[in-house]
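**Q** Construct all of the structure, not just a fragment, from the sequences and the given hints.
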Amino acid sequence: MLNNLRPDLCELIDLVRDEAGYRATLAARPDIKPEPSADAEYERKVLRIRQLRERWDLL
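Each residue of the sequence shown is one higher than the one before, counting from 1 in the numbering used here.
Check the hints yourself; a few may be wrong.
[Stated by the list, open to error] Below, in silico cross-link-like pairs of lysine to aspartate or glutamate (DMTMM-like), each with a Cα-Cα straight-line distance of 25 Å or less: (1) Lys45 with Asp8; (2) Lys45 with Glu35; (3) Lys33 with Glu43; (4) Lys45 with Asp57; (5) Lys33 with Asp57; (6) Lys33 with Glu19; (7) Lys45 with Asp14; (8) Lys45 with Glu19; (9) Lys45 with Glu11; (10) Lys45 with Asp31; (11) Lys33 with Asp18; (12) Lys45 with Asp18.
[What the hints assert, rightly or not] Per label pair, the in silico range of CB-to-CB distance: (13) Asp18 with Glu54: 39 to 49 Å; (14) Arg53 with Leu26: 20 to 30 Å; (15) Pro30 with Arg50: 18 to 28 Å.
For the record, the hints were derived by calculation from the structure and aren't laboratory data.
A virtual CB, placed ideally from N, CA and C, is assigned to each residue, including glycine.
**A** The structure is reproduced here in structure tokens:
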């Protein structure tokens with residue numbers, strides 16, 4: 001089980017870091033509007049974060 005958990009945790013950490021950076025950038029620069037592709041990528045990452053948290057019961 002731990003061998004399966006490690007790659008998922010690494011992915012989760014990377015996704016959370018990216019998601020937090022995206023939100024921080026938007027908060028710091030409210031005059032900048034993200035492109036639709038950036039919003040879509042953000043939503044994809046948030047969905048994947050939810051999937052990994054649920055998979056490993058990390059809510």
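**Q** State for each hint whether it applies.
**A** These are the hints, each one checked on the structure:
1. Lys45 with Asp8: holds, 13 Å
2. Lys45 with Glu35: Holds, because 16 Å separates the two Cα atoms, which is no more than 25 Å.
3. Lys33 with Glu43: holds, 15 Å
4. Lys45 with Asp57: Cα-Cα ~18 Å, so holds.
5. Lys33 with Asp57: violated, 34 Å
6. Lys33 with Glu19: holds, 16 Å
7. Lys45 with Asp14: holds, 10 Å
8. Lys45 with Glu19: Distance of about 7 Å is within 25 Å: holds.
9. Lys45 with Glu11: holds, 10 Å
10. Lys45 with Asp31: holds, 23 Å
11. Lys33 with Asp18: holds, 17 Å
12. Lys45 with Asp18: Status holds; Cα separation ~8 Å.
13. Asp18 with Glu54: 39 to 49 Å: violated, 19 Å
14. Arg53 with Leu26: 20 to 30 Å: holds, 22 Å
15. Pro30 with Arg50: 18 to 28 Å: holds, 26 Å
Violation of the numbered hints given earlier is confined to hints 5 and 13; the remaining hints are satisfied by the structure.
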